[in-house]
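A.B. asks: Below, each chain spelled out in residue letters.
Number of protein chains: 2
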Amino acid sequence: MPKHLTKDLENLQRSLLRMAGCVEDAVASATAALRARDPDAARKVVAGDDEIDRLENAVQDECLKILALHQPVAVDLRRISVVLMIATDLERIGDLAVGIAERAMALSRPPLIPIPDEIERMTERTLGMVRASLDAFVNGDPAAAARVIHADDEVDRDNEEIIHGLVGAMKRCPDLVEPSLSLFSAVRHLERIADHATNIAEDVIYLVNGEIVRHHPEALRGG
Amino acid sequence: MPKHLTKDLENLQRSLLRMAGCVEDAVASATAALRARDPDAARKVVAGDDEIDRLENAVQDECLKILALHQPVAVDLRRISVVLMIATDLERIGDLAVGIAERAMALSRPPLIPIPDEIERMTERTLGMVRASLDAFVNGDPAAAARVIHADDEVDRDNEEIIHGLVGAMKRCPDLVEPSLSLFSAVRHLERIADHATNIAEDVIYLVNGEIVRHHPEALRGG
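Protein chains in written order, with my numbering: chain A, 995 to 1217; chain B, 995 to 1217.
Please note that the accuracy of each hint is not assured.
Any copy, or any two copies together, can satisfy a pair, since identical chains are not distinguished.
[As the list claims (entries may be wrong)] In silico lysine to aspartate or glutamate, DMTMM-like type, Cα no more than 25 Å apart, as pairs:
| no. | residue 1 | residue 2 |
| --- | --- | --- |
| 1 | Lys-1001 | Asp-1146 |
| 2 | Lys-1165 | Asp-1043 |
| 3 | Lys-1165 | Asp-1150 |
| 4 | Lys-1059 | Glu-1004 |
| 5 | Lys-1038 | Asp-1150 |
| 6 | Lys-1165 | Glu-1155 |
| 7 | Lys-1165 | Glu-1154 |
| 8 | Lys-1001 | Glu-1118 |
Bear in mind the hints are in silico, worked out from the structure with no lab data behind them.
Since the structure is predicted, the reported quantities are computational estimates derived from the model, not experimental observations.
Please work from the sequences and hints to get the whole structure.
C.D. replies: Here's what the structure looks like:
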């Protein structure tokens, strides 16, 4: 591999990880704002999304420049297409964090409803999946990526449990339908963040093994 | 441009449009199943998603092969990266159609709730946006793409109006909270399909004008 290509790919990875750091912060801040009913912290997450979008555009530009300049093939080409896909997933996670922050603002206004404890557990699991999927990318570790994919089942269970509780609350207290719907949306956003972490993990397996597992969970058997 | 590259790019466009046709059918069938409370039609949409996933993988493979074989530059390279992005959006639209179909199955079981007429209007607008965004791609027409982006505001208004009505229904009839939540989710899915059509339109503008408008709506001024 030519020396310049190696260097450009290293820079590309750094740009992607810079974007990932911003996205992880956005998710952590949005969920913390939700639990603390802190509208100012939530507003900061919304304002920070422009920076995430800017970083995604920069990653895409870098990918296209490397493709045009080095015309990479095989595993280098695969790496660039994976970086493009991960950047798309990260940008959507950022959008979902904004969605959670918007719900946090709504939930900080009366009537206040209790935030179920299970949301903290679901948040920790989801954030753990996002971080682990990116670590698996950095380390080129398909076994770690497979663990992320399996962890998604737990988040789905958290999601169902919380939504079951919210439906009960809405039935008992019609006055609380609106804040409960905000919480419902926030929980669904969190669940979708976990889905995007799963996508990233699937991309890592594709990168390392050259095997497309997006939409093919059976390829993970024994993984 | 070498002759073989032209031919490969034509074949790639055909593959993408085949995928787009399946995705449009999935959205139309899922929303029709919802309005008709037809669980069998809904199940067909769920079963058809594997084919959409297969077509997305095929488009990605074709893109990587063209990149490796022809090492295209400038506008050809941009076209391939746009096809990759559009395929990702189409795949997500397909997933959202599955989500709508799942809600349609839930809504076909008692207690039955009325499906608001506004959903039909929102569906037609959304499907119109998906079709128009793909026509704009085929015709390389940035003005048509800009109209798709502006149409998203109308879908957002439909979305707010329907959800306002649903909140009222949930408050009045606590027994109908569960089906109302299913309808709430279906409407949010439809709204997100319109967002993906907007993404596709933004990609068309990027392809034709070389200008990134994803996340930069101000670039559309006067467009």
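A.B. asks: Return the numbers of the hints above that this structure violates; sort them in rising order.
C.D. replies: 1, 2, 8
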